[in-house]
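Chemist: Residues 1 to 339 (full-length UniProt numbering) are what the sequence shown spells out, left to right.
Calculated from the structure, these hints are not laboratory results. Be aware that a few hints might be false.
Unchecked claim - Simulated crosslink set (DSS-like; lysine-lysine; CA at most 25 Å straight-line):
# : residue 1 : residue 2
1 : K267      : K86
2 : K75       : K85
3 : K86       : K75
4 : K224      : K267
Owing to the predicted nature of the structure, the values given are computational and were not obtained by experimental measurement.
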Amino acid sequence: MVALFAVPSIIYIAHLKNMLDTPNVRTVHESLTPRLGGVAVFAGFMSALTIFADLSNGIQQLLAGCIVLFFVGLKDDLVSISVSKKFVGQLLATGVVMIMADIRVTSFQGILGVHELPIGISYAFTFLAIVGITNAINLIDGLDGLAGTIVLIITSTYGYYFARYGGASYGNYVFVSICLIGGMLGFLRYNFHRASIFMGDTGSLVCGFIVSILTIQFIEMGLKVGGPFATSSPAVAIGILFVPLFDTLRVFIVRMMAGRSPFSPDKNHVHHRILAMGFQQISTVMLLGLLNLVVILFVINFAALGNMLLIGALVGFSVLISIFLGVYQSRSAQQRVAS
1 MVALFAVPSI
11 IYIAHLKNML
21 DTPNVRTVHE
31 SLTPRLGGVA
41 VFAGFMSALT
51 IFADLSNGIQ
61 QLLAGCIVLF
71 FVGLKDDLVS
81 ISVSKKFVGQ
91 LLATGVVMIM
101 ADIRVTSFQG
111 ILGVHELPIG
121 ISYAFTFLAI
131 VGITNAINLI
141 DGLDGLAGTI
151 VLIITSTYGY
161 YFARYGGASY
171 GNYVFVSICL
181 IGGMLGFLRY
191 NFHRASIFMG
201 DTGSLVCGFI
211 VSILTIQFIE
221 MGLKVGGPFA
231 TSSPAVAIGI
241 LFVPLFDTLR
251 VFIVRMMAGR
261 SPFSPDKNHV
271 HHRILAMGFQ
281 QISTVMLLGL
291 LNLVVILFVI
301 NFAALGNMLL
311 IGALVGFSVL
321 ISIFLGVYQS
331 RSAQQRVAS
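Based on the sequences and whatever the hints tell you, model everything.
Modeler: See below:
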């Protein structure tokens with residue numbers, strides 16, 4: 001309710017003060033649009049969580065990290081900041097949850113024969129995981145409603161398993177999931193095509209950070225509580241995050257193969273390629289949401305296969321999708337040249 005009622009005021013102020021996102025060669029939208037929707041998501045999430053949730057077991061530190069990234073994203077949405085400054089903000093937020101709350105990946109649970117991690121490697125891998133997932137959510141925010149829909153699917157999945165299996169150690173992360181779902185639903189009312197407001201870095205960085213912490217706690221829950229997936233929880237988590245992880249890895253690989261920086265912006269994301277096939281924005285969002293749901297159902301139902309087989313299946317599926325997108329893109333280019 002907080003997010004739902006906050007968005008119209010944010011839209012009004014953004015238009016009044018000319019704080020609008022201008023269309024360019026990288027964007028899909030065609031009109032000046034506010035990009036401060038993350039303020040409403042953050043307001044809804046924070047207000048509900050601080051009122052109703054038990055802030056123990058690392059949630060207090062999670063909130064501190066969210067506040068850091070909120071102001072980093074807000075400044076970027078208002079005046080734009082360099083990648084290095086955003087990285088420093090992510091480093092600070094990650095340090096708070098890793099060092100002060102001891103939220104980290106402690107074991108690979110048999111992946112490549114590795115089980116418990118040395119403390120240094122554990123911190124390093126956790127940092128890479130948090131920054132990687134945070135930026136994966138940030139990068140997929142390219143269509144009306146896309147990032148919000150994917151975050152809803154991921155968070156709902158985690159929330160369900162925290163509610164059923166979290167117990168005393170992880171049960172309060174249900175509140176984190178539900179409060180983010182509530183903030184996102186209030187925002188999505190105004191974000192579906194044609195969107196009257198965008199999430200912006202304010203929203204995508206905060207949402208990505210929350211999703212990354214939920215992912216780490218989900219993996220650790222499988223190790224320490226047993227959960228429904230036990231030692232297969234890392235592979236299941238990768239499946240739950242399939243669309244943002246696949247999109248990020250794919251564009252990075254394509255850019256590097258073309259001799260460009262992996263961080264150089266382009267229109268080669270999965271949603272851009274699907275749009276190029278003739279799909280509309282809403283149908284593209286629904287298609288990617290359905291893809292993520294199908295992969296989630298697959299990893300949940302075949303968790304007994306173990307980490308290596310599940311990850312191998314996900315990698316194989318990713319390669320098939322990449323080949324299909326590449327072949328279609330090549331044919332489209334040839335047809336344009338011929339015409």
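Chemist: Next, verify each hint and record whether it holds.
Modeler: Each hint tested on the structure:
The straight-line distance between the Cα atoms of K267 and K86 is roughly 22 Å, inside the 25 Å bound, and the hint therefore holds. Between the alpha carbons of K75 and K85 the distance comes to roughly 10 Å, so the proposed pair stays at or under 25 Å and holds. With a CA separation close to 10 Å, the supplied pair K86 and K75 stays within the 25 Å bound. Distance hint between K224 and K267 is unfulfilled; the C-alpha atoms sit about 42 Å from each other, more than 25 Å.
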